[in-house]
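Number of protein chains: 2
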Amino acid sequence: MVSKNQIKLIKSLSQKKFRNKHELFVVEGVKSIREFLKSSFSLVSLFTTGASFEVPKELFQNINERELGKISFLTTPQQALAVFQIPEEEMVEIEGLTIILDGIRDPGNLGTIIRLCDWFGIKNLVCSRDTVDCYNPKVVQASMGSLTRVKVSYTDLKELLMKNDKIPVYGAMLDGENLYESTFPETAFIVMGNEANGVSKEIEGLLTNRINIPQFGKRQETESLNVATATAVILSEFRRGHFIEK
Amino acid sequence: MVSKNQIKLIKSLSQKKFRNKHELFVVEGVKSIREFLKSSFSLVSLFTTGASFEVPKELFQNINERELGKISFLTTPQQALAVFQIPEEEMVEIEGLTIILDGIRDPGNLGTIIRLCDWFGIKNLVCSRDTVDCYNPKVVQASMGSLTRVKVSYTDLKELLMKNDKIPVYGAMLDGENLYESTFPETAFIVMGNEANGVSKEIEGLLTNRINIPQFGKRQETESLNVATATAVILSEFRRGHFIEK
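In order, the protein sequences belong to chains B and S. The opening position of the first sequence corresponds to residue 915 in the working numbering, with each subsequent residue numbered one higher. The opening position of the second sequence corresponds to residue 915 in the working numbering, with each subsequent residue numbered one higher.
Source of the hints: derived by calculation from the structure; they are not laboratory data. It cannot be assumed that every hint is accurate.
[To be verified] Calculated lysine-lysine pairs in the DSS-like style (CA-CA distance at most 30 Å, straight line): (1) S:Lys945 / B:Lys945; (2) S:Lys930 / B:Lys1052; (3) B:Lys1052 / S:Lys1052; (4) B:Lys925 / S:Lys1052; (5) B:Lys1052 / S:Lys984; (6) S:Lys930 / B:Lys984; (7) S:Lys1115 / B:Lys1115; (8) B:Lys984 / S:Lys925; (9) S:Lys925 / B:Lys1052; (10) B:Lys945 / S:Lys1115; (11) B:Lys930 / S:Lys1115; (12) B:Lys984 / S:Lys1052; (13) B:Lys930 / S:Lys1052; (14) S:Lys945 / B:Lys1052; (15) S:Lys984 / B:Lys925; (16) S:Lys945 / B:Lys925.
Required output: the full structure, derived from the provided sequences and hints.
What follows is the structure, encoded as structure tokens:
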């Protein structure tokens, strides 16, 4: 049985203010939960309709599908739901490539970018304070466990960039230079801007390199690329040298 | 006033069987609708809370926000909703690069891939019959007007590939060769597989080249890339030669 209070608590975690108040967030799906269990995140409670997990008995609860439906945020609940503790934010140590998100609003985009960072070996993802919260259930869902391997933090971007003013700052800009003809350093910030408005004026002033993904055939009608697919292309270009045998 | 029958008809267009029966689909948002109006798609009716469009008066209806809310598929309706006719499927003429989707289920992924095809100058996107319908409202939404410039068709992939057996068939496979060390022809099929199961066995047998996006650091835990971001990286590699001055 899931108690009414448990349902109420879990459901409240769709909202940032309650996640912050309780310092808790939700992970759904057997595969994702197993990744969080292997990581340094602390489990608070786990509900499943039959999957097996190696966790302390007092944190574990077998429930039926109807009950899972009551606590799940998914249209099609996925066998298991776990509540984990939100860890305290540590200081970011800047090393290698760091992705900077300037006002990303869509949870799916943030989740996909976290997954991309994981794939391309980016340890730090630093977000402006108006970027969507990484413990939002939709972000956790889209990141597919990658949130256990990429450190996501929220800070004042201007301060961060000014404090690290020896590191080049690349920004994806429509008027930037051809990505494919650029050369890239091992250590850099890469700024990706808001879905509708791009990089904010304040941060634009701190860019040292403006880059652009050229459009094939240069037709004018096409929209810009989605921010997550643009991040994929840019990270691939930054990393491709590592994958080519000299 | 939107009539009850209009509401019922439009709402039914969220389902493929009713889209096929009526040969109609929905486009939302001023920007996307303008792109469809400029294209060869035929407008059937247009509802707006105040945006201006150059369309025949008899197809145009000013409505209020409450009415728009009743016909919209969006949580936040976007000023305008239009119904267009689904065009008859034409024969696909294979030329240049063709993306082949083998069982893509997520509407957001298909929409994003249509947008990528548009950006990277891919004219034809050919889908297996079990791929999500491109006139699904979520696909239209995610494709941001690119559906007016990319021809999406549904067919038996095996037949298509066997009929065009002189054209190389690239497939994104986990055991494929390093994407970044591969060279690519001007004319090719690129097969992207289902979100969970990858390329189907039947189509795998017809691949001539297996390619893989290598993972930075080769850790084993990470999930594969999302199919839309993998398509972004692969298309970028196929096209990058065009963007570099010789």
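Each hint tested on the structure:
1. Our distance criterion of 30 Å between C-alpha atoms is broken by S:Lys945 and B:Lys945, whose separation comes to about 39 Å.
2. Note on S:Lys930 and B:Lys1052: the hinted pairing holds, with a Cα-Cα distance of about 26 Å set against a maximum of 30 Å.
3. Taking the CA atoms of B:Lys1052 and S:Lys1052, the gap is about 17 Å. The hint holds against a cut of 30 Å.
4. As the CA atoms of B:Lys925 and S:Lys1052 are separated by approximately 26 Å, the hinted pair is consistent with the 30 Å bound.
5. Simply put, B:Lys1052 and S:Lys984 have alpha-carbon atoms about 26 Å apart, close enough for the 30 Å limit, and the pair holds.
6. Using a Cα cut-off of 30 Å, the hinted pair S:Lys930 and B:Lys984 holds, with the two alpha carbons roughly 29 Å apart.
7. In summary, the hint linking S:Lys1115 to B:Lys1115 is not supported, as the alpha carbons are separated by about 50 Å, beyond the 30 Å threshold.
8. For the hint pairing B:Lys984 with S:Lys925, the CA-to-CA distance comes to about 27 Å; that is within 30 Å, so the pair holds.
9. For the given pair, S:Lys925 sits about 26 Å from B:Lys1052 by alpha-carbon distance, which is consistent with the 30 Å threshold.
10. The suggested pairing of B:Lys945 with S:Lys1115 holds, with an alpha-carbon distance near 24 Å, which does not exceed 30 Å.
11. At roughly 44 Å between alpha-carbon atoms, B:Lys930 and S:Lys1115 are farther apart than 30 Å, so this suggested pair is violated.
12. Between B:Lys984 and S:Lys1052 the CA atoms are separated by roughly 26 Å; this keeps the pair inside 30 Å, and the hint holds.
13. As the CA atoms of B:Lys930 and S:Lys1052 are separated by approximately 26 Å, the hinted pair is consistent with the 30 Å bound.
14. Between S:Lys945 and B:Lys1052 the CA atoms are separated by roughly 26 Å; this keeps the pair inside 30 Å, and the hint holds.
15. The hinted pair formed by S:Lys984 and B:Lys925 meets the criterion: a straight-line CA distance of about 27 Å does not exceed 30 Å.
16. Restraint check: the Cα-Cα separation between S:Lys945 and B:Lys925 comes to about 35 Å, which exceeds 30 Å; the hinted pair is violated.
Hints 1, 7, 11, 16, counting from the list given before, are not met by this structure.
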